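Asker: The primary structure of each chain is shown beneath.
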Amino acid sequence: MYALRRFAVRQSRFFESFYKGFERTMVAFDPVMRAIGYNRLERPFALAERMVKGALFDCQMCGQCVLSSTGMSCPMNCPKTLRNGPCGGVRDGGFCEVKPAMRCVWVEAWEGASRMKDGMERIRVVQPPVNRELEGSSSWLRVAREKAAERRDARQSVDPSKHAIARAFQRARRFEPSTAPLAAEPSEALADQAVAERTAIFTKAPAADEGKERSR
Amino acid sequence: MSGFQTPEPFDPVSDVPLVPPPGHKSASILERTLRKGLFAVTAELNPPDSADPRDVLKAVEPFRAVTDAVNATDASGANCHMSSMGICSILSRVGYSPVLQISCRDRNRIAIQGDVLGAAAMGVGNVLCLTGDGVGVGDQPGARPVFDFDSLSLLRALKTMRDEGLFLSGRKLTTPPRIFLGAAENPCVAPLDWRADRLEKKVRAGADFIQTNYIFDVEVFRRFMGRVSDLGLDGKVYILAGVGPLASAKSARWMRSNVPGIHIPDAIVDRLERAEKPGDEGKKLCIELIQRIREIPGVHGVHVMAYRREHLVGEIIEDSGILKERRGVTV
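Going line by line, the protein sequences match chains A and B. Each position in the first sequence, counted from 1, maps to that position plus 17 in the working numbering. Each position in the second sequence, counted from 1, maps to that position plus 282 in the working numbering.
These are computed hints drawn from the structure, not numbers from a lab. One should not assume that every hint holds.
Cβ-Cβ distance ranges computed for the label pairs, FRET-style [as the list claims (entries may be wrong)]:
| hint | chain 1 | residue 1 | chain 2 | residue 2 | range |
| --- | --- | --- | --- | --- | --- |
| 1 | B | E446 | A | S131 | 25 to 35 Å |
| 2 | A | M18 | B | A347 | 51 to 61 Å |
| 3 | A | V49 | B | D421 | 55 to 65 Å |
| 4 | B | G514 | A | G38 | 33 to 43 Å |
| 5 | B | T612 | A | R169 | 41 to 51 Å |
| 6 | B | K559 | A | A72 | 57 to 67 Å |
| 7 | B | H593 | A | Y36 | 53 to 63 Å |
| 8 | A | P117 | B | A425 | 12 to 22 Å |
On a predicted model such as this, the values are computed, not experimentally measured, just so you know. Glycine included, C-beta positions come from ideal geometry on N, C-alpha and C.
Chain B with its partners taken away, still in its complex shape:
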């Protein structure tokens, strides 16, 4: 018994729609874990460039029994992959709790509201609302950016669908989507002074949980969390800190200059540079970060983004002590 609950496979045709427990907004295991006060773990799946569902199963395998939910990215970095919706549909069918990521970059309000109904019908209980990276950084920079919603108006629209049972057009839904609403925040990039205020605004817009971008600078994150607490957000939102193992100094430098919104202090790059086995050092560093981040009040879990190093996620969760703590506790 690992302590991480594996949901029953959900069959949208023969199963009835999942009903949230009393007082819950969704039937999501992530919501249950967080409400119980357990330290939650989510992980980001590397989406395949393929139409074969087995590639999704292969990619998600490392996350079994060490996560509460798995994030399916929505063309992150504006690079085209299998859709978040397709991945989530497969995951719920084989007994994973997926997080549907929605970026505002590629779809307008008509497409997104329909997608959310479709996802909920497929047994998806978590949705993460994102702005999305600009099309220029991706593999198809000539694409037309949409940005009909921004992440906040998207949150409010989905909250309206869930809580009021209405499309933004005012038309009634016969069955509203029972979804746990998430948003992102990037505590370590400019404008540092306003990042917590922006998080507060996301909570006002409807966010139930937050998954942050990578945290490599614990001191900056600690200050951010202090401000979050000053704004009175304790108990109003669950915050999962983004972490991940770096492969080498070279890849850290590449990420810094090519992926929007990544802040990696020089001290960390130097440490990887000096290490004999940078891969192992990256893993060790990630475990240390998790342990330091856990000490910060107001942090409810971690979101592990281990791009192309997914095989390490189990060990990271084990070695950071989370697995031991969760063992034997039922959600």
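So that you can see chain A by itself, here it is in the shape it has in the complex:
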């Protein structure tokens, strides 16, 4: 919702502190979550994240949340889905080139960032392109996995393609580890499952054997 989204940007300082605390808690719970299995947690977390962030930020579930680096203004609401700042077409008064009735997501972002403690440092970091395979999955869990894995210094993934992006966008990874994740992704987090999950919310309960299929 547009009004709530703009409210959230005005309260960016509060959300910044809240998110910091929340992230610490999530990382602390990593051993527990690993014991339960990130795969099992993926669907309930993605659902919760979609509901909470959808209401507050018009979250589009890109799975690679950068709200803390964009003044709490979700860049996926930009019609061009720009992740690194406004385009050159912003209208007078800070309105969007493509949707003239909407305030530019990045004008909002810069205002939000200027109210935050680390906002201005983080908004200057160059963000990588979105990995569409992760769309629909939980960014909260991804951050917890990444930070915990980094702490353990046990990189589970050796996929060279992921390393190339992580190297090219090092600073982005430091602040927002979900933008170039290196830890192994649970199968539930990958796009086809996520898409199935998204549609499942709006359709009837899944068939009995579907659950088995998914938990593989």
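Starting from the known structure of chain A, fit chain B onto it as the hints suggest.
Answerer: The following block gives chain B in isolation, referenced to the frame of chain A:
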């Protein structure tokens, strides 16, 4: 001797790939000009709606001996024309230094990284990374917008290809593209306070040079350049200010309301309105703008966008005094 060097025609089959001079990132004449501290001139070519290469040669003719590089637009304004890649390939073959414009609107990361290899193989030494106007303003508003990259992640990806010799996937390149990387900035539109910061971010992402959108408001641009200097960007990036001759008050008003990102102060529109010969007044205004912009510290050149008035570019460069200054200096 005009002072503007015309490159040798490049034949991709019989010539060996161009090697950058020591300390340079590309073999581009634009890079050489800028590194030498000369005031550079680039111009935008009006792309033909045609498959005839002679139309490209005709369109580029006014720019010979008055420019360091020629920009081939990539469906600017989301209007379909001959591709930037096709135009650049023709230009390098006949002895022009082209700037390949890449918009993020129409192609994804797979297409773009491949295109850049192709362009470099065709002798293209400059690439300008752009976001791209939304599809809605163009001639085919029903098209699906891509925006897989944005202009900054695109810059970083191409820098990775050039400097690390890697695709973004991590696969190795056997010969990396030797390209001079450019980006755009629009100093005169909202959010004015953050435009210089955005430019800084583009430099961090990998921009070697900047070509700005049209500057018609010198005071706003001066403030922007002050902020650029405060951010410590002097010596880190070359900035070419965008200029162009307006045809009339009517066309200025049309541009303001139909082309995204155009800011033209009312005073300029009024001046064209009052002029007896608005076309001549537009040219005079452009020359005045160039002379005022040149005085601003940190400006390294101009980028002339003279849509459908390309025939005036030579006179504009001559009358603004740039040609005289460049005459006799070799790049």
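Asker: Taking the hints in turn, state whether each one holds.
Answerer: Evaluation of the provided hints:
1. Checked against the hint of 25 to 35 Å, the pair E446 of chain B and S131 of chain A passes, with Cβ atoms roughly 34 Å apart.
2. At about 59 Å, the CB distance of M18 of chain A to A347 of chain B agrees with the hint of 51 to 61 Å.
3. Remark: the range hint 55 to 65 Å for V49 of chain A to D421 of chain B is upheld by a beta-carbon distance near 57 Å.
4. For G514 of chain B paired with G38 of chain A, a C-beta distance near 35 Å keeps the hint of 33 to 43 Å intact.
5. Range check, T612 of chain B to R169 of chain A: Cβ separation about 60 Å, and the 41 to 51 Å hint is violated.
6. About 60 Å separates the C-beta atoms of K559 of chain B and A72 of chain A, a value consistent with the hinted range of 57 to 67 Å.
7. At roughly 57 Å, the beta carbons of H593 of chain B and Y36 of chain A sit within the given window of 53 to 63 Å.
8. A C-beta distance of roughly 20 Å is found between P117 of chain A and A425 of chain B, which places it inside the suggested range of 12 to 22 Å.
Of the numbered hints stated above, the single one contradicted by the structure is hint 5.
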